[in-house]
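Chains A and B, in that order, give the protein sequences. Going from the first sequence to the working numbering is simple: count from 1 and add 11. Going from the second sequence to the working numbering is simple: count from 1 and add 11.
By construction, these hints were calculated from the structure, which means they are not laboratory data. It should be emphasised that the depicted structure is a prediction, and the values quoted were computed from it without experimental measurement. Misleading hints may appear alongside valid ones.
Pairs count within a copy or across copies, as identical chains cannot be separated in the list.
The calculated lysine-lysine pairs, modelled on PhoX-like cross-linking and capped at a C-alpha distance of 25 Å, are [what the hints assert, rightly or not]: (1) K137 - K172; (2) K137 - K67; (3) K46 - K67; (4) K35 - K172.
There are 2 protein chains.
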Amino acid sequence: MQYSSVSMERAISELSRLPGIGRKTAQRLVFYLLKCRTSEVERLTDSLVAIKERIKFCSICFNLTEEQSCQICTSEKRDRSTICVVEEANDVLALERTGEYRGLYHVLGGALSPLEGVGPDDLSVKELLSRLNGSTVEVIIATNPNTEGEATALYLEKLIKPLDVQITRIARGLPVGGDLEYADEITLTRALEGRTAI
Amino acid sequence: MQYSSVSMERAISELSRLPGIGRKTAQRLVFYLLKCRTSEVERLTDSLVAIKERIKFCSICFNLTEEQSCQICTSEKRDRSTICVVEEANDVLALERTGEYRGLYHVLGGALSPLEGVGPDDLSVKELLSRLNGSTVEVIIATNPNTEGEATALYLEKLIKPLDVQITRIARGLPVGGDLEYADEITLTRALEGRTAI
Chain A
12 MQYSSVSMER AISELSRLPG IGRKTAQRLV FYLLKCRTSE VERLTDSLVA
62 IKERIKFCSI CFNLTEEQSC QICTSEKRDR STICVVEEAN DVLALERTGE
112 YRGLYHVLGG ALSPLEGVGP DDLSVKELLS RLNGSTVEVI IATNPNTEGE
162 ATALYLEKLI KPLDVQITRI ARGLPVGGDL EYADEITLTR ALEGRTAI
Chain B
12 MQYSSVSMER AISELSRLPG IGRKTAQRLV FYLLKCRTSE VERLTDSLVA
62 IKERIKFCSI CFNLTEEQSC QICTSEKRDR STICVVEEAN DVLALERTGE
112 YRGLYHVLGG ALSPLEGVGP DDLSVKELLS RLNGSTVEVI IATNPNTEGE
162 ATALYLEKLI KPLDVQITRI ARGLPVGGDL EYADEITLTR ALEGRTAI
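Construct the complete structure from the given sequences, taking the supplied hints into account.
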């Protein structure tokens, strides 16, 4: 059923475009916002407009930043000999949460996907290669462990191999807390292939 | 982990206030919005600001509307002898979806809840009573079947009884498609109490 009010219907359909938000959730959000004070709604909308105005890509690694270069690229504490290549800026966030990685990043902006028309020119591949000057010792390829991510990893491997830089790929295997019984065949195969000496 | 960018952190925390949206979902939404065109984000935020500016309460039934009175109250096609009393405006929406009800509504704006400090004066009870003039034959009390809703129903029943209007309460019982085995005791009790002749 369409709601009778035009502005309400518009807000619901705009909210439903967001990923993971269906019509019902959108409706619930609209009713919630109607109960909020106007100032609260404005604070929300202002914050959304602000990210579009302020946030841009880091000129070096294409991570998101409010400055010319991101905090990781400009940090004195990071290890400049390692570059971890990821698909999206939120992958940087995920890796930073581990607190284990101290090197630099390079955000590709996606993965190769002929079906969706994403070719090497749509990704920041050229920029990655130009960063691989003398100081880079290792490139960790941390694209997603799916078809597109693996294809991208293979493609990058071919390009980087001649450059005399060590290339590594993050391990694929059983997730911690996982269960052998319920693991799919490909994951198990990768876990066997990637076994390490103990 | 806090994201390094101030505006991003602000947008994430503003989005996380919304019901049903946690920090992770908020993060995903922010990354999505960053990929959208600015015009799309503005269309979203404009639509949210618009509902706050345009939508007000119907002067008769307290449903949400952009006009002085809502489409249901002003419609010629509705049966003016029946008033269905609900807690919130989204309950009207739910009942309208059935397409079964042709009468009017009255939105209380909540349910009695001494614990949360909601008393009769916080609800549109007085306005409901003043609507019960000669033309009203039946008042259907459709507050939620929980403690607060039942208490509100009882309270309204006491107030309306002297007014020579038929009072009914929506049926409580097993949901269609439900399973006796998994129904809780109170629902089963209500289903037994509310049994109808076949």
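Taking the hints in turn, this is what the structure says about them:
no., hint, in the structure
1, K137 - K172, "within (15 Å within a copy, 79 Å between copies)"
2, K137 - K67, "within (19 Å within a copy, 55 Å between copies)"
3, K46 - K67, "between (34 Å within a copy, 11 Å between copies)"
4, K35 - K172, "neither (51 Å within a copy, 37 Å between copies)"
When each numbered hint is compared with the structure, a violation occurs for hint 4 only.
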